[in-house]
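Engineer: The lines below spell out each chain.
Protein chains: 2
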Amino acid sequence: MELREIGEFGLIAEIAGDLGDKDGELVVGIGDDAAVIKSRPDLYTVVSSDAFVEDVHFRLEYFSFFDLGWRLAAANLSDISAMGGRPKHLLVNLALPRGTTVEQVKELYRGLRAIAEKFAVTVVGGDTVSSPGKLFLSATVLGEVAPNDLKLRSGAKPEEGIFITGFPGLAQVGLSVLTKSAPRRSFYVQSVARHLRPVPRVSEVRHLLKKFTTVGAMIDISDGLASELHHFCRQSGVGALIDENGIPLHPELTAASAEFGGSALQFALTGGEDFEILFTAAPGDKLAMQTSLQESFGLPLSQIGITTNQPGEIHIRNNQGDLVVLPNTGFDHFADPND
Amino acid sequence: MELREIGEFGLIAEIAGDLGDKDGELVVGIGDDAAVIKSRPDLYTVVSSDAFVEDVHFRLEYFSFFDLGWRLAAANLSDISAMGGRPKHLLVNLALPRGTTVEQVKELYRGLRAIAEKFAVTVVGGDTVSSPGKLFLSATVLGEVAPNDLKLRSGAKPEEGIFITGFPGLAQVGLSVLTKSAPRRSFYVQSVARHLRPVPRVSEVRHLLKKFTTVGAMIDISDGLASELHHFCRQSGVGALIDENGIPLHPELTAASAEFGGSALQFALTGGEDFEILFTAAPGDKLAMQTSLQESFGLPLSQIGITTNQPGEIHIRNNQGDLVVLPNTGFDHFADPND
Numbered sequence: 001m002e003l004r005e006i007g008e009f010g011l012i013a014e015i016a017g018d019l020g021d022k023d024g025e026l027v028v029g030i031g032d033d034a035a036v037i038k039s040r041p042d043l044y045t046v047v048s049s050d051a052f053v054e055d056v057h058f059r060l061e062y063f064s065f066f067d068l069g070w071r072l073a074a075a076n077l078s079d080i081s082a083m084g085g086r087p088k089h090l091l092v093n094l095a096l097p098r099g100t101t102v103e104q105v106k107e108l109y110r111g112l113r114a115i116a117e118k119f120a121v122t123v124v125g126g127d128t129v130s131s132p133g134k135l136f137l138s139a140t141v142l143g144e145v146a147p148n149d150l151k152l153r154s155g156a157k158p159e160e161g162i163f164i165t166g167f168p169g170l171a172q173v174g175l176s177v178l179t180k181s182a183p184r185r186s187f188y189v190q191s192v193a194r195h196l197r198p199v200p201r202v203s204e205v206r207h208l209l210k211k212f213t214t215v216g217a218m219i220d221i222s223d224g225l226a227s228e229l230h231h232f233c234r235q236s237g238v239g240a241l242i243d244e245n246g247i248p249l250h251p252e253l254t255a256a257s258a259e260f261g262g263s264a265l266q267f268a269l270t271g272g273e274d275f276e277i278l279f280t281a282a283p284g285d286k287l288a289m290q291t292s293l294q295e296s297f298g299l300p301l302s303q304i305g306i307t308t309n310q311p312g313e314i315h316i317r318n319n320q321g322d323l324v325v326l327p328n329t330g331f332d333h334f335a336d337p338n339d
Numbered sequence: 001m002e003l004r005e006i007g008e009f010g011l012i013a014e015i016a017g018d019l020g021d022k023d024g025e026l027v028v029g030i031g032d033d034a035a036v037i038k039s040r041p042d043l044y045t046v047v048s049s050d051a052f053v054e055d056v057h058f059r060l061e062y063f064s065f066f067d068l069g070w071r072l073a074a075a076n077l078s079d080i081s082a083m084g085g086r087p088k089h090l091l092v093n094l095a096l097p098r099g100t101t102v103e104q105v106k107e108l109y110r111g112l113r114a115i116a117e118k119f120a121v122t123v124v125g126g127d128t129v130s131s132p133g134k135l136f137l138s139a140t141v142l143g144e145v146a147p148n149d150l151k152l153r154s155g156a157k158p159e160e161g162i163f164i165t166g167f168p169g170l171a172q173v174g175l176s177v178l179t180k181s182a183p184r185r186s187f188y189v190q191s192v193a194r195h196l197r198p199v200p201r202v203s204e205v206r207h208l209l210k211k212f213t214t215v216g217a218m219i220d221i222s223d224g225l226a227s228e229l230h231h232f233c234r235q236s237g238v239g240a241l242i243d244e245n246g247i248p249l250h251p252e253l254t255a256a257s258a259e260f261g262g263s264a265l266q267f268a269l270t271g272g273e274d275f276e277i278l279f280t281a282a283p284g285d286k287l288a289m290q291t292s293l294q295e296s297f298g299l300p301l302s303q304i305g306i307t308t309n310q311p312g313e314i315h316i317r318n319n320q321g322d323l324v325v326l327p328n329t330g331f332d333h334f335a336d337p338n339d
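Chains as they are written, first to last, in the numbering used here: chain Z, 1 to 339; chain V, 1 to 339.
For reference, chain Z alone in the conformation it holds in the complex:
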């Protein structure tokens, strides 16, 4: 059987089933944004690793080496943050095609360091090898989390509010602008920045967890809002009722849907590579959380729905008032594009 037949998540299930967990120190293994190891009783180690591949995740026509380093680190930092953790140390593996220059590699490290320093993360090592073809990047980030701050995909309960930071879908708009002929390219500043130099919500999550105790499940939406919503509902054993009206649509996204075709809602629900945070919390905390994130970070927070006690039932009430099933659509690495 080829991978495209079972897809990325099918493969994870096959592998995770084989591996088991024979280690008493492992708090969270395969299947969340990061693994969690009980290295000491009062502070857990959180670790995550991500690959970033030329012509799969990016093209060098629109990614500078500085941006590559930045983006590689950002994705990894986001994984730690989405667990409630604080990223601390980063390792980077590079497989570089022949012809790569020293200056390019140094630019990549400058990008890495620029975002790492923003969050007091230190680059501690890695491996640099040659590649017979394309450029391959891989990074691992280690962080720490206090047991009380640890937020899992499985942490949602019924009747919680479902919240999203910022504007989902912007990074996907950025990608469209970068890859298609966009006459008004200078208009899409935020979307392009979200794609090339995303800033993970590390500080915002720290702030939230410090001030609000009702936060349940938490996940970043790197695979797209709809897909990640399905993940945490399945892992928490809850359902969800989403309100189309609640989904925040950035003006650049609305403009893009007019310019490139497709609905703005579709962009927001299925666009990948965003590092906004999807989480559940007590509906009563909504206003206080919104005010707090706005005042401290200028970051909008939207409630997009509520969790329900009907596992597997994930619906969206559209603007016509109809209740429809929300499809589980996101980016699957091994899906056949012709399926």
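Any given hint might turn out to be false.
Just so you know, same-sequence chains aren't split out, so a pair can sit in one copy or run between any two.
With a cut-off of at most 20 Å between alpha-carbon atoms, the simulated DMTMM-like pairs for lysine to aspartate or glutamate come out as follows [to be verified]:
hint, residue 1, residue 2
1, LYS38, GLU25
2, LYS134, ASP55
3, LYS106, GLU117
4, LYS38, GLU144
5, LYS134, GLU2
6, LYS106, GLU14
7, LYS106, GLU2
8, LYS286, GLU244
9, LYS118, GLU25
10, LYS106, GLU5
11, LYS210, ASP42
To be clear, the hints were calculated from the coordinates, so they are not data collected in a lab.
No experiment lies behind these values; they were computed from the predicted model shown.
The hints should help you fit chain V onto chain Z, whose structure is shown.
Structural biologist: Chain V in isolation, oriented as in the chain Z frame:
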């Protein structure tokens, strides 16, 4: 400037110089087998990451997917062991070409798990993505080390004995057998095993450190004996005097030098991909260490020379009694093969 002009180690120096170390928790950063983080006063975290690339490090004509998983994990475990540490958790990133089957990936994970379980290491996560070309593997291993057990490349002092476990160069012989037409292939059983399924010296190092307190610098010889010797002499600020007679030559290596050409000594000094351990210790511990490793593991230990107080002077006394400079020759990822 292209990378081949400054080489892998030149690049590491450039990058490490740029990064600095602004983190009080970092005991060892870039430039050793692994990074060391002071996660708690009595137990440090050791972490290392390695890339393993099709047609650079291996070819699928002679590597099964099981062996790939095994070999990937082995290299990482060896890095932790060479610091004096105990490997604990493993993360694996795979970039898989289209057409890769589920069974192949499961075989790779079976190989990973086979060696991981041997050393009570748990696979805790990673990322699986598609590759536009070749197969790319990357792994990160986390381990722990008691401060007293931590052994650095910089830990050698003058007048220490220089020791090597097992038989250097065997993995390189294995590679020659696998890639060239070898009429007596079944003869080279150990060399081929060393290349495809190396067993890192995790248990042997634990044993050594528990019983002998004089161990100074320690390093694995994945880049080749001569090259790694230069590394630890430079990082320790010592010189070395090597005795050709002391370098152990395995019968398969002697046979290979006759069959494939080249000197057996050259194989032993420059062959890469071995996970034997090169270390310094009090010359007076030689016999006790040899007896102990032989009795507990059936592992030969050889003294190949002594460290001196002349930094930069690394000489070998050959079998004719002449003292010659030992060249710093190992595998450099970016070196031009025509230079």
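Engineer: Which hints from the list above does the structure break, by number from lowest to highest?
Structural biologist: none
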